[in-house]
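Residue numbers (the UniProt record's numbering), protein chains in the order written: chain A, 1 to 220; chain B, 1 to 220.
Treat the hints as calculated values from the structure; they're not laboratory data.
Heads up, some of the hints might be wrong.
[Claimed, not checked] Under 8 Å between C-beta atoms, here's a sample of chain A residues computed to sit facing chain B:
| id | residue |
| --- | --- |
| 1 | Tyr25 |
| 2 | Val39 |
| 3 | Tyr65 |
| 4 | Leu95 |
| 5 | Arg97 |
| 6 | Asn105 |
| 7 | Val118 |
| 8 | Arg142 |
| 9 | Val146 |
| 10 | Leu168 |
| 11 | Pro172 |
| 12 | Val188 |
| 13 | Glu199 |
| 14 | Leu205 |
[Stated by the list, open to error] The calculated label-pair distances, taken between Cβ atoms and stated as ranges, are:
| id | chain 1 | residue 1 | chain 2 | residue 2 | range |
| --- | --- | --- | --- | --- | --- |
| 15 | B | Thr147 | A | Ala77 | 40 to 46 Å |
| 16 | B | Gly134 | A | Ser213 | 36 to 42 Å |
| 17 | B | Glu174 | A | Ala216 | 21 to 27 Å |
All residues carry an ideal CB built from backbone N, CA and C; glycine is no exception.
Listed here are the chains, written in short residue letters.
Protein chains: 2
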Amino acid sequence: MPDAAAPASPSARTRVNRYRWLAHYDRQTIYAILDAMPVAHVGYVHDGNPIVTPTLQWREGDRVYWHGAAHGRMMKATHDAEVCLTVSILDGLVLARAAYNFNINHRSVMVFGRPEAVTDPAEKTRLLKRFVDGYVPGQWERLRPVTDQEIKATAILSLPLTEASAKLRAGPPEDGDEDYAFPVWAGVLPIRLAVGAPEPDPRNLPDVEMPASLTAFSIG
Amino acid sequence: MPDAAAPASPSARTRVNRYRWLAHYDRQTIYAILDAMPVAHVGYVHDGNPIVTPTLQWREGDRVYWHGAAHGRMMKATHDAEVCLTVSILDGLVLARAAYNFNINHRSVMVFGRPEAVTDPAEKTRLLKRFVDGYVPGQWERLRPVTDQEIKATAILSLPLTEASAKLRAGPPEDGDEDYAFPVWAGVLPIRLAVGAPEPDPRNLPDVEMPASLTAFSIG
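In isolation and in its complexed conformation, chain A is listed as follows:
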C-alpha cells in the first residue's frame, strides 16, 4: 500500500478538466469519500454501449471492492474490462443570485481501471466479512454461517486506487462581483443522509437482540 499522504498520480483521464479548482487528488480525501458512501455507480461498456449500474463498494487499503452474482451481467462484463466507478455525495443546494451560478455542494470520487476478480474462497470470505462488518461491527459472527456454495455464487471485483480523483464543492454561492448588489436571497440548503429507527423484521424470533452498534450507523 502506498503512503497515504502521497498523491494518487492523476492520469490524463482522471485529471478533472472542468472546474479544475475543485479537484483533489490526495488519498486521504479519496478514502474519506469512499468510506462515507457505499453506493457506487459502476460504468462499463457492453456491446459498445455504456451501462451504469448502482452497486455497493467498500474499501480496504488502496483498493475498492464490490460484489455481485457470479453469473450477473455486470460482474461478467466488468471483469478485466475498463470501468469507471463513481461515488458521489450530495451535500446541499447552492442558491446563487444568478441562475448560471446555481450549483450543488457535493463530494465525489472517480476511479478508473480494469477490475480484477478475487478467486480464492478464503480471501473472498475474509472480504465479505469486512463488507458486512463495515455496516454493523461484529455482525458477520452473529449471522447464519456462510456456505461454500454462497461464496462460489458471489463474485468479488476490485480496483486499485491508482487512477482516482476527487471533486468537492462546499460553502456559500459564488456570484460575479457585480451580482452581489442584486437584491435576492442567496444561500445554501444543506442536504444529508439521515438514518431512521431500526425496523425489526416481523418474523424475528421473540428473544433476538438488536446489535447495539446498529444505532451508531451513519452514512454520507
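Dock chain B against chain A, hints included.
Coordinates of chain B only, in the frame set by chain A:
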C-alpha cells in the same frame, strides 16, 4: 407524449436480467423516481473507455434533461453518442439472517439512448427556468436575469424515456425458509435524504427575504 399509463417498451438492453422480479417499467414509477432525485450518473464512452459523471437531471413530460458547460468534456462526448443515465435512491439497509441476503432498499432508473442537444435559445431559457423553479418555485423571476452569453455557454441535452427501466426493493429481509429459525436480529435500517435549515450567504443584502417555498423543499 405517450400515455402515462402505457409501459415504456423495454428493449433488450433495458430488460433487467438479474433480479427480474424487482423490475418495473411503467411510466408513473419511472417518473416518480426521476422527480424525487435530481442527481443522475451519466455514463458515456470516451476514447473507448467508460466515464460516469454525476450531474443534475430534470424531467419534462417523457424526456429527461441535463445541462453543463457547452465546452465541457461530458457535454461534448455525450451529444449524439450512446449514454446510460442512472438515477438511484438509497432507502435503507436490509439486514438479513444470512450475509448472502444482505441487501439495500432502493429505487433506481436507467435510461438509454443518444442525447439530443437543445439549440434554440428561447427553448433553452424556458428549460433552465423549469430546472431552477423545480427546486424553488418562482425562483427564476427573482434572480438576476439571465444573459444571452450565459444561455450560449450552457449546453442542454435531453433523452426520451423510451428506453427506460426502473428497479425497486422495499420491505423486510428475505431469507431462506430454514434460516428464519436462526437466532439473530434481522430488519431494516431506513435511510433518507434530510434537508437542513437554510444557510444565508454572509454576503446577502440586509433586506433580502428568503423565498417561503424554500422550507417546503424535499428530495428523495
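These are the hints, each one checked on the structure:
{"no.": "1", "hint": "Tyr25", "result": "violated (17 Å)"}
{"no.": "2", "hint": "Val39", "result": "holds (5 Å)"}
{"no.": "3", "hint": "Tyr65", "result": "violated (14 Å)"}
{"no.": "4", "hint": "Leu95", "result": "holds (7 Å)"}
{"no.": "5", "hint": "Arg97", "result": "holds (5 Å)"}
{"no.": "6", "hint": "Asn105", "result": "violated (10 Å)"}
{"no.": "7", "hint": "Val118", "result": "violated (16 Å)"}
{"no.": "8", "hint": "Arg142", "result": "holds (5 Å)"}
{"no.": "9", "hint": "Val146", "result": "holds (5 Å)"}
{"no.": "10", "hint": "Leu168", "result": "violated (12 Å)"}
{"no.": "11", "hint": "Pro172", "result": "holds (5 Å)"}
{"no.": "12", "hint": "Val188", "result": "holds (5 Å)"}
{"no.": "13", "hint": "Glu199", "result": "holds (5 Å)"}
{"no.": "14", "hint": "Leu205", "result": "holds (5 Å)"}
{"no.": "15", "hint": "B:Thr147 to A:Ala77: 40 to 46 Å", "result": "holds (45 Å)"}
{"no.": "16", "hint": "B:Gly134 to A:Ser213: 36 to 42 Å", "result": "holds (39 Å)"}
{"no.": "17", "hint": "B:Glu174 to A:Ala216: 21 to 27 Å", "result": "holds (26 Å)"}
Comparing the model with each earlier hint shows violations of hints 1, 3, 6, 7 and 10; every other hint is respected.
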